[in-house]
Structures are given as structure tokens and as C-alpha cells.
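Heads up: the protein sequence lines correspond to chains A and B, in order. Its first residue numbered 1, the first sequence is counted upward by one per residue in my numbering. Its first residue numbered 262, the second sequence is counted upward by one per residue in my numbering.
No wet-lab data here; the hints were simulated from the structure. On a predicted model such as this, the values are computed, not experimentally measured, just so you know. Ideal Cβ placement from N, Cα and C applies to all residues, glycine included. Please note that the accuracy of each hint is not assured.
[To be verified] Now the in silico label distances, taken between C-beta atoms and shown as ranges:
1) W197/A <-> Y348/B: 53 to 59 Å
2) F284/B <-> Q85/A: 21 to 27 Å
3) R263/B <-> S53/A: 34 to 40 Å
4) R16/A <-> S282/B: 44 to 50 Å
5) S278/B <-> R16/A: 55 to 61 Å
6) S376/B <-> M1/A: 34 to 40 Å
7) V173/A <-> C349/B: 42 to 48 Å
8) I457/B <-> L127/A: 54 to 60 Å
9) F284/B <-> G17/A: 49 to 55 Å
[As the list claims (entries may be wrong)] Here are some of the chain B residues that sit facing chain A, going by a computed Cβ distance under 10 Å:
10) V276
11) F296
12) L372
13) N431
14) L432
15) W453
16) I457
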Amino acid sequence: MTSLRIFFIGGLMAYRGLINWLSPWIFIPTLVVAPIFQILLFVFIGRSAGVESDKFFVIGNAVQYASIPCLFSMTNAISGERYQQTLAYLLVSPAGRLSLFLGRAVPVVVNAMFVAAFSLVVTSLILGISIPPTTWPAIALAIAVSAFACTGLGLICAAIGLRVRETAVLNNVLFGLLLIFTGANVAVTELPEWMQWISNRIPLTHGIQAARQLADGASLADVSGLIATEFAIGIVYTVVGYQAIRLMERESRKRASVQVA
Amino acid sequence: MRTARLIWAGWKFHVKSLTLSGFFILTSVIQPIIFASVAYFMFKAGARPGTLLYVALGAGMMGIWSSTLFGSGGAIQWQRWQGTLEYCIAAPPPFLLVIVPLTLATATIGLYSLSATLLWGWLFFDVPLNVAHPVAFVVALPATVIGLGLLGLVLASSFILYRNANALSNLLEYPVWLATGLLVSLSLLPVWVGPISWVLAPTWGVNALRESAIAGNAWPEIGMCLLLGAVYLVIGYFLLEHFERLARERATLSLT
């Protein structure tokens, strides 16, 4: 019961306390308006280059932009404790680590789903793209699984954030790499082979492919393999991220560097 | 002479200082390379390789805009956080002459991005680096930096009224990339975007670089960059005066 309380209530409280993006003055420009313009930019570059359809870029970039809350919020939700000088109190508490750290991921996933879904709906309306209403629930599932998988990557960043200072730089670099490798703007098959190898092993790639196929009329059963792969990738990244956080915790205790920011 | 020396010394100091910032190096080098790579792949997939130099210059200009936007947009706020704003305002030279070197430096840092995207494109995407009019290109570079740096002055002096300047910077990054035709031909955008693009220095800066590199007459664009720079300087002067007067009246100079 205590673990569940720490997981849900503790996770939500930490998220509200550590993520200053929740202020509308930051949330709206960064997570509502910016993704819409990112999508429009790539739609027009696509038109300029004469490659792919508007729908291709709208879906790819909407799902890919979920990585902003996944990476930045997840990193802040854990390594932000270090900057607030509260990490030592957290680590000295008897709370179960699994519920303590993973509970913070739940609001991140929900926020990422909102960002992706909202930008997808708005840009579809702006550009007059028709996506059959019957496919929306399945697309929402693809978005949710993608957000979960990317939050796993965010957990790894959070672990690194317990050790390094420039997490904003790290997250920005990862965001850019996801822009290339996930196939959000360039079909994975158009990339060199070594890049395709990476693409198939990172979050979002399979989720984006699934969402695109669903928007083109495929059924959930048709894309179940893609969604399952995305979910499996998410599990792997979450486990690695969690273990990395535990490792950093042990190391920081050994070196007495818990609060050193 | 004193003014020139002040601007030169301030510019040099801020360029060195910004070069040590991981965030600025990311903004001005890695991010434009990433966007350039995406654009190279897209244009190659679209079988229009003749446009790759056009893309490289546009992606480089994206980096110049980003470093100006984030650097200048937060310039006064940073001085506040570091506790140096009072000293800057209390110093004998006009505050304008203290801030202009900083905003020019943020635009200058963007030249890293232009170099990075051109080099990246040449190394990995076979982008030809033949400049048709080298003299015009060499003149276009500082003209573009001056135009954007002075636009940075307007950003610095207006963003200060908004507490979350970084969020405002996030808001303006993509729209300006789009509206100034850095990677997209303006003819593809709605007609109403045209007048917006005309009052933004990046539009003329990227056109000046492209005209001089790809063959064409870059001088009208270079002139427009400098003319817009003069207009931004006047606007920035009045905005800074307004900010300084309000901050003194309300005793809010050092309040973050």
C-alpha cells in the first residue's frame, strides 16, 4: 500500500514540484505551440524537397515531439532533486526505490501523450489531413506506448543527470538524434544501413511506423507486432534506466557526491 | 574611437565567454548539423541534390538565428541572475553600448554553425563548396551578423519584460526558421507570410549568402540587412531607455 502511495501520489507530487514547465507561461510556448511549428516546418521542407506526404511528417513529428517531455521532464523529475539540495533526504528515506523512481515516470508519460496527441490533432486540422475517426483509439495506444518507451530513455538520462551537470545539452542532442534516427522525417529505409540498425533499437521508431499505418487504415491487429516491439524496447530502456539510477546512487554514496551539482 | 574600442572589447569578451558554454556550442554546432542532416536526407530522397548548398547555407543560418535568439533573448536576464546588471547600468557608457557587443557576439557565435553545416555537408553529403562571388560572400557574412545581432538587441530589450524569456525563445525558434525561408522556399508559404519575412534580418541574410554563393547579385540583400540593422538599433535604443527608466522608477533592477 505504501509503495502504491509513493508510486502514484509521490510521483505526482515530485513531478509538480520539480517541473517548472507546468506554468502556462512555459507550457504553452514550449509544449503546445513549438511542436505545431516543428511539424509545419518539416511539412514545408517535405513539400520543398518533393518527398513524402504531409501526413507522413505530421504523424512522425507529433510522436517524435513527445520526446521533449519524456527526456527533459524525466531528467528533471529525478536529477532536479540534486539541484534543489533534496536528493540526500530522498536517498536516505526507506522508500522502495522502484516505486520512488518509476512513479515519477507516470505523469511524464501522460504529459507526453497529451503533447503528441494535441499537436497531431491541431496540425491535421490546419493542413486538412483526414485521419479516420475509428483509428484514433488505436493511434492513441501507439502514442502511449511510444511515450512509455521514450520515458525509459528519459530514465537513463536521469541517471546520467545524477552525475553530469549539462543535462539540457544531453537532452537536446538526444532530441536531435531522435529527429533523424526514428524515421520521423526520413523513412528508415532511406537511411544508411548502420543508421537503420540503430533506428530499429531505439524508442519511437516502431511507434511512429505503427501510427502511420493506422492512419492509413490498418487495423490494430496489423500493427500489433510494431506496438509490441515498441513496448519491449520501452521495457528494456526502463530496466536499464532504473538499474543505472541505482548504480549512480551507490556510486554517489561511496564517493560522498550525492549533493554535488 | 572610444565607442569603437568599447564595442570591440565587449564583443571579444562575450565571444570568448559564449564559446566556453556547452549550451551555446550545442545550439550553434550540433543542432544545425542535425537539422542539416535531416534536410540533406530529405532533399536527396526527393532527388534534388542540386539544392544541397542551398540547404547547407539555410541550416547554418538556422544556427545563427538560434544562438541570437537564446543568447540575446536572455541577455539582460542573465546579467540579472549573475548580479552584474546594476554594474552594467551604473557604468559611465550608455547601457546600449554595453548590450550591443553582447548581442553581436551571440550572432557571431552562430558563424560556427554555418562553418559546421558547410563542412559537414562537404564531408558526408558531397555538398560542393564553390562560392560564385567570394567578395560578396565575405561581405555578406558580417552584414548578416550585424543585422541579426541588432535584431538581438530588440529581443534583449523586449524579452526582459517577460519573466520566462527562454520559453519565449522556444516559441520563436521554429516560426522564424519557417517564415524567413531558411529551408523552405517562401513561394510555398501563404502570401501573408511575405511581409513578416521582409522585416526579419535572417530572410535577407540567407538570401545574401545564397546569392553570393550560388551566383547572383547579393548586394541589395546585403544593403537590406544593414538597413534593417539600423532600424533595429533605433527600436532597441528606445526599448532599452524604457526598460531602464521603469527599472529605476520601480526599483526592480535586480529582481529576478
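Hint check, failures only: When the structure is compared with the hints, numbers 3, 4, 5, 6, 7, 8, 9, 10, 12, 15 and 16 turn out to be violated.
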